[in-house]
Amino acid sequence: MDIRLTALGFVTALCVAGAASQRLAAAELVMFEQRGCEWCEMWDAQIAPIYPKTAEGAFAPLRRVDIHEPMPDDLAWMRGERFTPSFALVHEGREYGRIRGYPGEDFFWGLLGEMVGKLKGTLGGDQASNGTRTPG
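Numbering (this note's numbering), first residue to last: 5 to 140.
To be clear, the hints were calculated from the coordinates, so they are not data collected in a lab. Ideal placement from N, C-alpha and C gives every residue a C-beta, glycine not left out. One should not assume that every hint holds.
To be verified - Cross-link-like lysine to aspartate or glutamate pairs, in silico, EDC-like; alpha carbons within 20 Å at most:
id, residue 1, residue 2
1, K57, E109
2, K57, E118
3, K122, D48
4, K122, E99
5, K122, E96
6, K57, D110
7, K57, E32
8, K122, D110
What the hints assert, rightly or not - Derived CB-CB ranges, DEER-like:
id, residue 1, residue 2, range
9, G97, R68, 14 to 22 Å
10, G125, G40, 36 to 44 Å
11, L115, A49, 15 to 23 Å
12, L79, L127, 19 to 27 Å
13, F87, P65, 19 to 27 Å
14, G128, E45, 17 to 25 Å
15, A52, G121, 20 to 28 Å
16, D110, W81, 15 to 23 Å
Generate the whole structure from the sequences, applying the supplied hints.
As structure tokens, this is what we get:
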């Protein structure tokens, strides 16, 4: 019985470690925001509902950071932000671009597409060949 419990514990530890490493390896779009930001609210109304359904959202899920709260430990290496909303594309401890402000729907998708393309170009392989699609 002790061997089975030890094996179960080992398998559980491997699963947890694997999930953690996948989380660290995933790209993220970090959104810097603050309460009362009308441009954040506009982004939330125009982009937030569709972002997770896009190729960009699948590649780099959104992560929100309030500029008045301490920077999360795993993002402590990042330069903070004063202007909201601002968006930083990050992957494995490196920033691949930042959009300061919300320039409107059309400009946002274009600027984000450039940042995602830059990151995919550095990754190479299958991820680099997947083009990003913006919503129609």
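To see whether the hints hold, each was checked on the structure:
With a CA separation close to 15 Å, the supplied pair K57 and E109 stays within the 20 Å bound. For the given pair, K57 sits about 18 Å from E118 by alpha-carbon distance, which is consistent with the 20 Å threshold. A distance of roughly 25 Å separates the Cα atoms of K122 and D48; the hinted pair therefore is violated under the 20 Å criterion. Pair hint K122 plus E99 holds up; C-alpha atoms about 11 Å apart against a cutoff of 20 Å.
Taking the CA atoms of K122 and E96, the gap is near 14 Å; set against the 20 Å cutoff, the hint holds. Of the supplied pair hints, the one linking K57 and D110 holds, its CA atoms being roughly 17 Å apart against a limit of 20 Å. The straight-line distance between the Cα atoms of K57 and E32 is roughly 15 Å, inside the 20 Å bound, and the hint therefore holds. Pair hint K122 plus D110 holds up; C-alpha atoms about 19 Å apart against a cutoff of 20 Å.
G97 and R68 have their C-beta atoms about 19 Å apart, which keeps the hinted 14 to 22 Å range intact. Between G125 and G40 the C-beta distance comes to about 37 Å, which sits within the given range of 36 to 44 Å. The beta-carbon spacing between L115 and A49, approximately 19 Å, falls within the hinted interval of 15 to 23 Å. Separation of L79 from L127 is about 20 Å and conforms to the stated range, judged on CB atoms against 19 to 27 Å.
A hinted range of 19 to 27 Å holds for the C-beta pair F87 and P65, which are about 22 Å apart. Taking the beta carbon of each, G128 and E45 are about 38 Å apart, not inside 17 to 25 Å as hinted. Between A52 and G121 the C-beta distance comes to about 22 Å, which sits within the given range of 20 to 28 Å. Between D110 and W81 the C-beta distance comes to about 32 Å, which lies outside the given range of 15 to 23 Å.
The structure does not agree with the numbered hints 3, 14 and 16 stated previously, though it agrees with the rest.
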